[in-house]
Every structure is written in C-alpha cells, then in structure tokens.
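Asker: The hints should help you fit chain G onto chain Z, whose structure is shown.
Line order of the protein sequences matches chains Z and G. If you're matching positions, the first sequence starts at 400 in the working numbering and goes up one per residue. If you're matching positions, the second sequence starts at 19 in the working numbering and goes up one per residue.
The set of hints was computed from the structure by calculation and includes no laboratory data. Incorrect hints may have been included.
[Stated by the list, open to error] Cβ-Cβ distance ranges computed for the label pairs, FRET-style:
(1) Ile76(G) / Thr480(Z): 33 to 41 Å
(2) Lys416(Z) / Gly277(G): 33 to 41 Å
(3) Gly429(Z) / Phe328(G): 20 to 28 Å
(4) Leu479(Z) / Phe279(G): 17 to 25 Å
(5) Phe279(G) / Met457(Z): 23 to 31 Å
(6) Ala403(Z) / Thr81(G): 57 to 65 Å
(7) Lys110(G) / Gly415(Z): 16 to 24 Å
(8) Lys416(Z) / Ile215(G): 29 to 37 Å
(9) Lys110(G) / Thr480(Z): 16 to 24 Å
(10) Met457(Z) / Pro216(G): 28 to 36 Å
(11) Asn312(G) / Gly418(Z): 29 to 37 Å
(12) Thr333(G) / Gly429(Z): 20 to 28 Å
(13) Glu122(G) / Ala403(Z): 42 to 50 Å
(14) Asp454(Z) / Ile48(G): 42 to 50 Å
[Said to hold, decoys possible] Per the computed footprint, the stretches of chain Z lying under chain G, defined by three or more beta-carbons under 8 Å from a beta-carbon of chain G, are:
(15) 454 to 465
(16) 471 to 483
Just so it is clear, CB atoms sit at the ideal spot from N, CA and C, and this is done for glycine as well.
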Amino acid sequence: MLLAVLLQSAAAAGLGKLGAALGAAIAVIGAGIGIGKIGSSAMEAIARQPEAAGDIRMNMIIIAALVEGVALIAIIVCLLTLFL
Amino acid sequence: MLLVAFLQEANAREESDTDNKEQQVDVNEIVFGHIGDSYEWHITDIGDTPIAIPLPVIVKSSTGWHTFLSSRFEEGDGEYEGLYIAKDGEYKGKIVEKDAGGNEVKPLDISITKNVAGLFINSAILVILVLSCARWYKKHPVEKEAPKGMVGMMEACIFAINDDVIKGCVGKDYKRYAPYLLTAFFFILINNLMGLIPFFPGGANITGNIAITFVLAVCTFLVVNIWGNKEYWKEILWPDVPWWLKAPFPMMPIIEVFGIFTKPFALMIRLFANMMAGHAAILSLISIIFITANMGPLINGSMGFVAVAFGIFMTALELLVAFIQAYVFTMLSAVFIGLSRTEEVREEKEMK
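Just chain Z, same shape as in the assembly (with noise of 0.2 Å):
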C-alpha cells in the first residue's frame, strides 16, 4: 500500500524528478559513508596521540570539505536534470 501510494505520486511528478531525487540520495549515501570514515579514523588518531588533536582537527576538517564538494557536485547534475 505505500509502494502503491509512492509510485502514485513519483508517476504524477514525472520520472525525471524520482531520478533526480534517486540521484541526490545516493551521493548523500556516498558523502555520508566517506565522511563518517574520515571522522573515525580522525577520532583513532587523536585517541593514540591526544597532543596532535589540533593538527588532526584541520586535516579532518580539509578533507570532509573536499569529499563534500564531490557530493556536492552530484548534487548540482541532479538539480540540472531538473531544469534543463
């Protein structure tokens, strides 16, 4: 019944906007995924060497950003299926 009630209103919406929203929502998973692993990693490093936290806290920080910025470029080809 909720599958019935979502094809429903993605076949009123048009495809193009249920691949469009399809798309974002993997590159969220991807940035989510990567950047989760960035923090673990950064929380390991500090763990073992309390004294560089400040130095981690940068690089961790560098590098979310960039793999945002990926993501984010994924999401900016989504928008452009929509309004081109």
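Answerer: Below, chain G alone, put in the same frame as chain Z:
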C-alpha cells in the same frame, strides 16, 4: 505512517484544488526568488503591498543608454522606454526589449541589481573593517601594546589564517600571496555571513551565485598559473613518469592539463553548491509553515514547531559551513599556489 498519510493527503489536495491555485503557496517562486537576483531589493510585505528598495537599471539597448530606477517598471504596466522584464521564456526575469522582428532580445545590461548592491555593501563592510583595524597599528607602538576588542579579534583571526594556512601551505614565499589569500578568505566569509542575515542589508545570496564563485576561481587559476615557476610547468607538460605514458601519445600531460582546469572548477562548485544548498534548505523549511497553513491548526502547529526547530538547526549549521567554506577555499588556493612554486626534487639526494 504519519509521512504516508501526509503524502496521500498532499497528493489528493493537489488534484482537488487546481482551480484555486492562488491559495497554494508557490515554494519554487519563494525559494528561487530569494536565491536569485532581481532588479529591486524586496524587504517585506505589509499586508498586500510589497516594500522594496528600487535599484538603478543601467541598460544599453538599441536606442542608446537608459538609466532609471526599477520602480518605473511598475508604473507603466511593465514597460518603460521600450524595455520590460520578460515574464517567461529564455530570458525570464531579465530586462529585454523587442527588436524589429518582434523577438525578445537582451540588451547590454550593467544594472545595479540586488547582488551587485549586496556586493557593494559587503565590500564596504570589509574595507571599513580591515582598514580601521590597520589604523590602530599605525597609531600605537606594536612592541609595547597589544590590541584589544575588535582589533584584537581581527588580529587573532588574521594570524590564525596567516600562520597555519598560508605559511604552512604556500611554503617559502608566502608573503607575496598572503594579501590575495587573506582578501579571498575575508571576502568569502563576510559574504557568506551577510547572506545568512534575513533582513536588509544582509540577505543577498552572493556566494551562492555561480558567477561570483566563478570569478573567485578564475582569480585563483590566474594566480596559480601566471606565477607558476618552470618546475611546475615542467611537471605538467613533461612529468617524471615512465616514458610510455608521455612519448607516443601524451597521456599524462593531457591529464595534467585537464587537472589545471578541474581544480579551480571544483573550488567554484564547492563554494557555490554549499551556499546555495544551505539557503535553499533553510527557505524550504520555513516554507513548510506556509504550505501547511491551510491544512488545519494541528498539522500547521506541529509542522510549524518542526520547521522552527529544524530552521534553527540549519541556520547554525550554515554558520559553521560559512566559515568552513571560506577556510577551505583559502586553504586549497594556498595549496595550489604552493604546488605551483615547487622546487626541483633532486633524486640523488633522496637515496642517502
């Protein structure tokens, strides 16, 4: 379950009231109206009348230069001196004129639009902030006194960026590039922060406009490539890789040349997408309140609470993202500049 019920109700409602579309809130128009550019600075609506600051329109059309305030477009049913704002089509929302064949043609348009006015305001804020801090250093002997207050805060910020980011990433001759990198950092930071403030003079979505981030990326591109030393160009055009990757068909050089363009391109897209997505998310969350306005007080109240809570969270997140994006742009530009000033790696010395 609640979400399914909500979806079904929203779907049914969409099919049933296609005749009273004026009551339906056009979220698209709200979100993209706030994110996009316009010829007037809309401040608020009192009742039904909009309060907006009309901005000057400077256009060179086929009949010469026209300079007037954009409020003229409301006076004479949308047309003034042969120019009007296109309602739809390829030039929707921009000033067009009709040429001899009856087609809509876009004239040379250098108007002061909302983004341009926002840029002027933010640049004035930046210049006043930095120069007034610099004046403190001229008036007080630096060896004896330490600055307090705003000058002290600016000194801490500038030193943090200078020492950690610029000195660390650029390398030896960081002093040549420090002015550009510090200017880029504070420009992006102030524009991001002013974009988050919802009322005048903030609220113009400047760094979420791809033209502006394009110019910033072009600046980094020029600084990296024009002042790149010979070693940098040698590593691109004839890199130190096995001969079969570069001799008959220059695979690595082509990839490296491609890389010259993709790195500033990624800088541009990263800043643009982060800022635009943040603004769009906050605007959409606030629009939930207006969408659920007709659906009864229970749904409206609960969704209103949800929207306010999420809106506060998203705004706090956007504050963090504003700072992080300025920091990452500056740091990556510093890294690219540092890479373009590499020294020759001497292989013999490494094999000690």
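Asker: Hint by hint, say whether it matches the structure.
Answerer: Hints, verified against the model:
1. Ile76(G) / Thr480(Z): 33 to 41 Å: Holds: the Cβ-Cβ distance is about 36 Å, inside 33 to 41 Å.
2. Lys416(Z) / Gly277(G): 33 to 41 Å: holds (34 Å)
3. Gly429(Z) / Phe328(G): 20 to 28 Å: The hinted range 20 to 28 Å holds for Gly429(Z) and Phe328(G), with Cβ atoms some 24 Å apart.
4. Leu479(Z) / Phe279(G): 17 to 25 Å: holds (19 Å)
5. Phe279(G) / Met457(Z): 23 to 31 Å: holds (28 Å)
6. Ala403(Z) / Thr81(G): 57 to 65 Å: holds (60 Å)
7. Lys110(G) / Gly415(Z): 16 to 24 Å: This hint holds: roughly 20 Å between Cβ atoms.
8. Lys416(Z) / Ile215(G): 29 to 37 Å: holds (32 Å)
9. Lys110(G) / Thr480(Z): 16 to 24 Å: Given range 16 to 24 Å: holds, Cβ gap about 19 Å.
10. Met457(Z) / Pro216(G): 28 to 36 Å: holds (31 Å)
11. Asn312(G) / Gly418(Z): 29 to 37 Å: holds (30 Å)
12. Thr333(G) / Gly429(Z): 20 to 28 Å: holds (26 Å)
13. Glu122(G) / Ala403(Z): 42 to 50 Å: holds (45 Å)
14. Asp454(Z) / Ile48(G): 42 to 50 Å: Given about 44 Å between the Cβ atoms, the range holds.
15. 454 to 465: holds (count 5)
16. 471 to 483: Check passed, 4 qualifying residues.
Comparing the model with each numbered hint stated earlier shows that all of them hold.
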